[in-house]
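Engineer: In case you want the letters, here they are:
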Amino acid sequence: MNISDIIYPVVSLGGLGLIFGGGLAFASQKFSVKLDPLVQEVNDALPGLNCGACGYPGCSSFAKAVVEEVASVDGCPVGGKSTAEAVADVMGVEANVGERQVAKVICNADNKKAKEDFDYQGIIDCKAASKFNGGSKSCNFGCLGLATCVRECPVDAIHITDNRIAKVDPDLCISCEKCVKVCPKDVIDMVPESQEVVITCKNEEKGKVVRQKCDVGCIGCQICVKACPFDAIDFENNLAFIDYDKCTNCHVCVEKCPTQAIEGDINKRKKAEIIQNKCIKCNICAKACPVDAIEGEVKEKHLVLEDKCIGCSICAEKCPKDAIEMKKRK
Amino acid sequence: MLDLSVSSLFAILVSAILVNNFVLSRFLGICPFLGVSKQVETAFGMGMAVTFVMSLASIITFVVQNYILNPLGLQYMQTIMFILVIASLVQLVEMVIQKTSPALYQSLGVFLPLITTNCAVLGLTILNIQENYNIVETIVHAIGAAVGFSLAIVLFAAIREKLEIANVPEPFKGFPIALLTAGLMSLAFLGFSGLV
Numbered sequence: 001m002n003i004s005d006i007i008y009p010v011v012s013l014g015g016l017g018l019i020f021g022g023g024l025a026f027a028s029q030k031f032s033v034k035l036d037p038l039v040q041e042v043n044d045a046l047p048g049l050n051c052g053a054c055g056y057p058g059c060s061s062f063a064k065a066v067v068e069e070v071a072s073v074d075g076c077p078v079g080g081k082s083t084a085e086a087v088a089d090v091m092g093v094e095a096n097v098g099e100r101q102v103a104k105v106i107c108n109a110d111n112k113k114a115k116e117d118f119d120y121q122g123i124i125d126c127k128a129a130s131k132f133n134g135g136s137k138s139c140n141f142g143c144l145g146l147a148t149c150v151r152e153c154p155v156d157a158i159h160i161t162d163n164r165i166a167k168v169d170p171d172l173c174i175s176c177e178k179c180v181k182v183c184p185k186d187v188i189d190m191v192p193e194s195q196e197v198v199i200t201c202k203n204e205e206k207g208k209v210v211r212q213k214c215d216v217g218c219i220g221c222q223i224c225v226k227a228c229p230f231d232a233i234d235f236e237n238n239l240a241f242i243d244y245d246k247c248t249n250c251h252v253c254v255e256k257c258p259t260q261a262i263e264g265d266i267n268k269r270k271k272a273e274i275i276q277n278k279c280i281k282c283n284i285c286a287k288a289c290p291v292d293a294i295e296g297e298v299k300e301k302h303l304v305l306e307d308k309c310i311g312c313s314i315c316a317e318k319c320p321k322d323a324i325e326m327k328k329r330k
Numbered sequence: 331m332l333d334l335s336v337s338s339l340f341a342i343l344v345s346a347i348l349v350n351n352f353v354l355s356r357f358l359g360i361c362p363f364l365g366v367s368k369q370v371e372t373a374f375g376m377g378m379a380v381t382f383v384m385s386l387a388s389i390i391t392f393v394v395q396n397y398i399l400n401p402l403g404l405q406y407m408q409t410i411m412f413i414l415v416i417a418s419l420v421q422l423v424e425m426v427i428q429k430t431s432p433a434l435y436q437s438l439g440v441f442l443p444l445i446t447t448n449c450a451v452l453g454l455t456i457l458n459i460q461e462n463y464n465i466v467e468t469i470v471h472a473i474g475a476a477v478g479f480s481l482a483i484v485l486f487a488a489i490r491e492k493l494e495i496a497n498v499p500e501p502f503k504g505f506p507i508a509l510l511t512a513g514l515m516s517l518a519f520l521g522f523s524g525l526v
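Protein chains in written order, with our numbering: chain L, 1 to 330; chain B, 331 to 526.
Chain L on its own, in the form it takes in the complex (with noise of 0.2 Å):
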């Protein structure tokens, strides 16, 4: 082993790189040029991915695209919140930013729970079997099964069940939205990540036709609408629509539909508890619980109970000292 066999290649290597180091750091100065500092500080707030998902060739260009003011600053939906909120903060103003939103399959009716009317053998691709007389699925809103959102999903979060039926993992969705623009039955929407009750169904023929085909559509009772707390719940084209701003997943209208056709896990629901040390008796929590959940009148001990509680979190809002938590029931 000679020590030159190290040496060499070593200072030949180093030596090049610090020669092209050198002539590169000189002609970025003489060829330097004068970039709009914003634009460079939005852009280094942005993930540095590269991705496109804003519609823009590179961070950069959307960097640039936000300093016009052509994109607005939660354009980057990798990013999500923490890059919005970065961004604004460069531009001076106020991210309007809601949460992260995840696509989510807007049907539960796998083919044990739908009709089929006919053994498609075609391609096996929802686009294909869609053009054929709307697809085997007796209903024509319902989610097909045959992948054509998987193999469009960048991030393999997609997976379609034994029941044949898409699933979205919501922990890997990156909200690029290709699943929402490719599905032919359109049938995948954009759910905020936190949301927990959701209304799968998307038919909008009455009643007796959906019962007939699916066991667990949307039948247009209207039951969730009444039964909603926070008026949360709209109903048009014989389907109810969820405001996710005003839901507060208290998992009520699960607990009502006749049909099953709203998805949310009752054992999820949180429940309100009261830090008595906090408290100060004010008694406000108790006006404010939509089903009198909290018992104990002003400057008596309080109490929530447990098998009345929604969960719904207004008391803890109203709180003037912060003296409820929401926690998860065992």
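Hints may contain errors.
As the list claims (entries may be wrong) - Pairs of lysine to aspartate or glutamate residues, derived as DMTMM-like cross-links and limited to a Cα-Cα distance of at most 20 Å, are as follows:
1) L/K30 x B/E424
2) L/K127 x B/E500
3) L/K181 x L/D156
4) L/K34 x B/E500
5) L/K308 x L/D245
6) L/K131 x B/E500
7) L/K64 x B/E424
8) L/K318 x L/E297
9) L/K112 x L/D162
10) B/K503 x L/E255
11) L/K256 x L/E273
12) B/K429 x L/D36
13) L/K181 x B/E500
14) L/K321 x L/E273
Unchecked claim - A few chain L residues that face chain B, going by a derived Cβ cut-off under 7 Å, partial list only:
15) S12
16) G14
17) L16
18) S28
19) V33
20) P37
Everything labelled a hint here was simulated from the structure, so no lab data went into it. All of these numbers come straight from a predicted model, not from anything done at the bench. Cβ atoms here follow ideal geometry from the backbone N, Cα and C, with glycine treated the same way.
Given the coordinates of chain L, assemble chain B onto it according to the supplied hints.
Structural biologist: Coordinates of chain B only, in the frame set by chain L:
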């Protein structure tokens, strides 16, 4: 003694442009060929950028090979050395273009830094060494390769501009027809194979 006979230099030039066209016969540099060929103007700009990088890279790698690698017996470092040279050159070209032609800089976009990993440039420099070219032949070969690349990408861009308004069957629209076109162009260039 340098062999400077005009006929052999001409043979190298024609061979690099037409017979062994880097894109259409050697299949090097396909990425910018497909990526920056939507408009003739940007395709031409890309061709010029590649020409600049290729010519300079050939000269510098020739010097590096013959005066650093060969005397020190470091031929195994060829790839990393050449990539170092190419990467530095691309950075330089990027700065120059950004300064002199912002519009071109915009339209080349991400493909400009991608010349760094453009295998046509690395392929050219390594071929120069493999063919045992002297410095003049190296320069001629580099110019030929660059002209060949520019020719291919500009022709392809011109065809793609026409394809934009052509009545292409739905499933072939966009990229599929571009790939077919590239294949047909490659076939056409095979016709030059007996030339040199």
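Engineer: Next, verify each hint and record whether it holds.
Structural biologist: Here's how the hints hold up against the structure:
no. : hint            : result
1   : L/K30 x B/E424  : 13 Å, holds
2   : L/K127 x B/E500 : 14 Å, holds
3   : L/K181 x L/D156 : 16 Å, holds
4   : L/K34 x B/E500  : 45 Å, violated
5   : L/K308 x L/D245 : 24 Å, violated
6   : L/K131 x B/E500 : 15 Å, holds
7   : L/K64 x B/E424  : 18 Å, holds
8   : L/K318 x L/E297 : 16 Å, holds
9   : L/K112 x L/D162 : 10 Å, holds
10  : B/K503 x L/E255 : 50 Å, violated
11  : L/K256 x L/E273 : 25 Å, violated
12  : B/K429 x L/D36  : 14 Å, holds
13  : L/K181 x B/E500 : 18 Å, holds
14  : L/K321 x L/E273 : 13 Å, holds
15  : S12             : 5 Å, holds
16  : G14             : 10 Å, violated
17  : L16             : 6 Å, holds
18  : S28             : 6 Å, holds
19  : V33             : 5 Å, holds
20  : P37             : 16 Å, violated
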